[in-house]
Amino acid sequence: MAHIVLPSVLSAEAGGRKSFEVYGETVGDALRALPIADLLFDERGEWNRWLNVYVDGIDARERGGQECPLAETREIRILAHIAGG
Amino acid sequence: MAEGPLLAGWGVYHATVDARDGTIHAAANHIVYGPTVRRSIDGGLTWERSRKLSLPSDSGMTVNAAWHVQPGRPEEPDTLYLGGDPAVLFRSDDGGETWEVNRGILEHPTRRAWLEGAGGLCCHSIQLDPIDPSRMYVGITSAGIFRTDDGGETWHPRNAGTAADHLPDPDVEVGQCVHKLLLHPARPERLWQQNHCGVYRSDDAGDSWERVDGNGVPSQFGFPIMLDPRDPDTAFVIPEESYEYHYSPAGRFAVWRTTDSGETWQQLNDGLPDRAWAAVLREASAYDERSVYFGTQSGSFFVLDDRDVWVEAARHLPPILSVEVTEWPI
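Protein chains in written order, with this note's numbering: chain L, 1 to 85; chain W, 1 to 330.
Hints were generated in silico from the structure; no laboratory data involved.
For every residue, glycine included, the Cβ atom is placed at its ideal position computed from N, Cα and C.
Heads up, some of the hints might be wrong.
[To be verified] When the alpha-carbon atoms are kept at most 20 Å apart in a straight line, the in silico EDC-like pairs for lysine to aspartate or glutamate are as follows: (1) W/52 x W/97; (2) W/52 x L/43; (3) W/52 x L/59; (4) W/52 x W/116; (5) L/18 x W/78; (6) W/52 x W/78; (7) W/52 x L/75; (8) L/18 x L/38; (9) L/18 x L/75; (10) L/18 x L/29; (11) L/18 x L/56; (12) W/52 x L/62; (13) W/52 x L/42; (14) W/52 x W/3; (15) W/52 x W/100.
[What the hints assert, rightly or not] Computed footprint of chain L on chain W, listed as stretches where at least three residues anywhere in the stretch have a Cβ under 8 Å from a Cβ of chain L: (16) 30-37; (17) 48-54; (18) 288-297.
For reference, chain L alone in the conformation it holds in the complex (with noise of 0.2 Å):
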């Protein structure tokens, strides 16, 4: 089970919720499975190019992207890329 994280305008798409714990073998089954994942991908099921997912402090991008395993895993952080400037 991981722990997933949202920036504060997902968490306020999601109800105000600012985190949930899911299951799932991939990052992209964990993602999928939250209440806002139309938000996280395109129609076309891919992530748009300014979302960034850490995978316990690791940028998933590094690990084989939407499959990137779960196995071991303890945080999601979701980080828009323009957070900030």
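Knowing the structure of chain L, use the given hints to seat chain W on it.
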């Protein structure tokens, strides 16, 4: 009623209140989280997000932005229309929960000649003929105006007489750069448009256009246009310097009004700053029986009072993307 900010963090390109049932609809976009369509039945306190917008995979395109939400006719209470980028029109028949793309626009035979403008290939204007239920119009940046007379099955370019100075061959059927299109509600065959290349009026449902900005308007370029529902001969525009310089010509921020179908224009600048380089976006103006209204990119909101003086009703807002007017219950 919610005080706001509502949909914080989202770029609300257009929001409107559906006069049929009071629902607020919003085209809300985010650079990371994409295009969305929202609706609220409680004055903005809570919002529902439509099912994700999508285009057929065989089109090779994806939806880049939601631009304009247009409630349908009174006799089709669950129908709404949505204009978006890349030059797409959607229709909903379930109050905005799901949206289906219009194939006639998506697969239009002239699409290859449509050029992407600075704001993308945006379908920003949707006008419904209030008398003929099978007739409607769309305005698409750098593609032009299209009319359907069969309920949206087929669409015909209606750009005859409008300039296309930005194209190497200005004598073209499509590619004209309409910035905003409005139909006069009391005389539906009369259309007005602010174009990249002038202000135009049509008295025959877009079959032909007469250019009317040569009589006093200081620039051909601008985005919004406003009307007077009681008088089809009245229109208001807010000129900008040029397509390269999106601010008031010579620092003289003014609205220009015609009351004679574009024969003459008068400057309305009482109440506006003496020196200002303002810009007003295409969705950032509105009109009703009482007045005309607009908001600037510098966050000021103006209303014209009955002495033709502009009243700055709000200031220090973020850039104003969209203005609509409605009766708001207190």
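Status of each hint after checking the structure:
Straight-line distance between C-alpha atoms of residue 52 of chain W and residue 97 of chain W comes to about 9 Å, which keeps the hinted pair within the 20 Å bound. At roughly 7 Å between alpha-carbon atoms, residue 52 of chain W and residue 43 of chain L fall within 20 Å of each other, so this suggested pair holds. Using a Cα cut-off of 20 Å, the hinted pair residue 52 of chain W and residue 59 of chain L is violated, with the two alpha carbons roughly 26 Å apart. At most 20 Å may separate the alpha-carbon atoms for a hinted pair to count; residue 52 of chain W and residue 116 of chain W exceed this at roughly 24 Å.
Pair hint residue 18 of chain L plus residue 78 of chain W does not hold up; C-alpha atoms about 34 Å apart against a cutoff of 20 Å. Of the supplied pair hints, the one linking residue 52 of chain W and residue 78 of chain W holds, its CA atoms being roughly 18 Å apart against a limit of 20 Å. The suggested pairing of residue 52 of chain W with residue 75 of chain L is violated, with an alpha-carbon distance near 27 Å, which exceeds 20 Å. The hinted pair formed by residue 18 of chain L and residue 38 of chain L meets the criterion: a straight-line CA distance of about 17 Å does not exceed 20 Å.
Pair hint residue 18 of chain L plus residue 75 of chain L holds up; C-alpha atoms about 13 Å apart against a cutoff of 20 Å. Of the supplied pair hints, the one linking residue 18 of chain L and residue 29 of chain L holds, its CA atoms being roughly 19 Å apart against a limit of 20 Å. Between residue 18 of chain L and residue 56 of chain L, the direct Cα distance comes to roughly 17 Å. Compliance with the 20 Å bound is thereby established for this hinted pair. Taking the CA atoms of residue 52 of chain W and residue 62 of chain L, the gap is about 28 Å. The hint is violated against a cut of 20 Å.
Taking the CA atoms of residue 52 of chain W and residue 42 of chain L, the gap is about 9 Å. The hint holds against a cut of 20 Å. Among the hinted pairs, residue 52 of chain W with residue 3 of chain W is inconsistent with the structure: their alpha-carbon atoms are about 27 Å apart, more than 20 Å. Between residue 52 of chain W and residue 100 of chain W the CA atoms are separated by roughly 11 Å; this keeps the pair inside 20 Å, and the hint holds. Beta-carbon proximity to chain L at under 8 Å applies to 6 residues in the segment 30-37 of chain W; the threshold of 3 is reached and the given coverage holds.
Judged by the Cβ-Cβ criterion of 8 Å, the segment 48-54 of chain W is covered by chain L as claimed, because 5 of its residues qualify and three suffice. Counting residues of the segment 288-297 of chain W whose CB lies closer than 8 Å to any CB of chain L gives 0, which falls below the minimum of 3, so the coverage claim is violated.
In summary, the numbered hints that this structure violates are 3, 4, 5, 7, 12, 14 and 18.
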